[in-house]
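Visitor: Fit chain to chain and form the complex, with the hints in mind.
Line by line, the protein sequences are chains A and B. Just so we're on the same page, the working numbering is the position in the first sequence counted from 1, plus 286. Just so we're on the same page, the working numbering is the position in the second sequence counted from 1, plus 60.
Bear in mind the hints are in silico, worked out from the structure with no lab data behind them. Model, not experiment: these values are computed from the prediction.
Cut-off 25 angstroms, straight-line C-alpha distance, at most; resulting in silico cross-link-like pairs (BS3-like, lysine-lysine): (1) K158/B - K350/A; (2) K63/B - K327/A; (3) K158/B - K327/A; (4) K158/B - K129/B; (5) K306/A - K352/A; (6) K350/A - K306/A; (7) K129/B - K112/B; (8) K352/A - K300/A; (9) K158/B - K63/B; (10) K158/B - K352/A; (11) K341/A - K352/A; (12) K129/B - K63/B; (13) K158/B - K306/A; (14) K112/B - K63/B; (15) K341/A - K158/B; (16) K300/A - K350/A; (17) K158/B - K112/B; (18) K341/A - K306/A.
Spelled out, the chains give:
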Amino acid sequence: GAVVSQHPSWVICKSGTSVKIECRSLDFQATTMFWYRQFPKQSLMLMATSNEGSKATYEQGVEKDKFLINHASLTLSTLTVTSAHPEDSSFYICSASNLLAGVQETQYFGPGTRLLVL
Amino acid sequence: DAKTTQPTSMDCAEGRAANLPCNHSTISGNEYVYWYRQIHSQGPQYIIHGLKNNETNEMASLIITEDRKSSTLILPHATLRDTAVYYCIVRVEYRWGKLQFGAGTQVVVTP
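Chain B on its own, in the form it takes in the complex (with noise of 0.2 angstroms):
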């Protein structure tokens, strides 16, 4: 699978939109961008994934480059309870679909 890139760490104040970059531009064809997060002591929360159309549901928006190299993750209205670690994972969706995490970004909502 691809690798991904993101910012180690990123601060947004509540009620602002929180755009999160992700990198990856050795992203195959057939692979899918998929977005976790993980607040504190829990486990990872899917969040949304696209392959190369932008995405919207109730969570957030994914907005991916024509070129498929990059992505963001648009949290648009942040709260408190967004602080939490973001991970931009691309993936095949065909035989194991494995996920493979990297360091993610921090990002930490202050009031």
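Next comes chain A alone, as it looks inside the complex (with noise of 0.2 angstroms):
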């Protein structure tokens, strides 16, 4: 299957700052990812879609201007945490596919990225 990456595979940080965390898809252009976020012995809970070149389309209840997406190209996507607190502490994992002739193909998930606030 296609490879997705992430980075960094885990991060602590202060809380009131701001945290990045990178998407890659290595070997295809992804069109399409995903960000979804797990916390402990709970399922995924998807957090916004983005489009490369557009804005992200974000889940009911997820903020916008606290989880801000960037899908600049067709093989990077960021995520950036804003002013993190305790609460934000969590499993963050992206993943990507490729929309062909309105089909939107099969997704694969990075690794996912441990954050941890204190």
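Guide: Structure, rendered in structure tokens:
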């Protein structure tokens, strides 16, 4: 399958600071990238969908000003958690897929980024 | 997207076949059945997907009933590394193609 990477794999930051997480598709062009969040012992929750070159679409209840998403190229999307607080501590996972002729192909996931806000 | 129902957990003996059921009785004609798994503290891994025909790849087989209301993922020879949470998801492939994850099935493979 296709390879998606994330960086960093884990990060610890102080409350009030901002953290940027990168998601890259290594061997395919990703017209669409998705960002998920997973709390301990829970399933993945979709946060937002981004298409290359356009604004992200956020799921209900996800603050767009707090979770800034940029998808500037076909291989890179970034998620910035602004003014992070302890309740933002979670496992953040991205996925990527390609939209061809109106068909969204299989999503491939990155390894995840564990964020701990102190 | 249609909801799916999976057992909460399953145990399987190493070397034996693991059969993971999934009910999706409200599936629409244009929705595919996808299977992913998540090993502890990792991102989900794509396994297989299908529309109405049975599918097989190097990882698993997917059997979809004729009425498409349920499916079974088969891991032919389970190994300890197959211990994971397995998610069955139905998804349309046009428009956003979003995946909505349920609770999944925790599969534990024992020696």
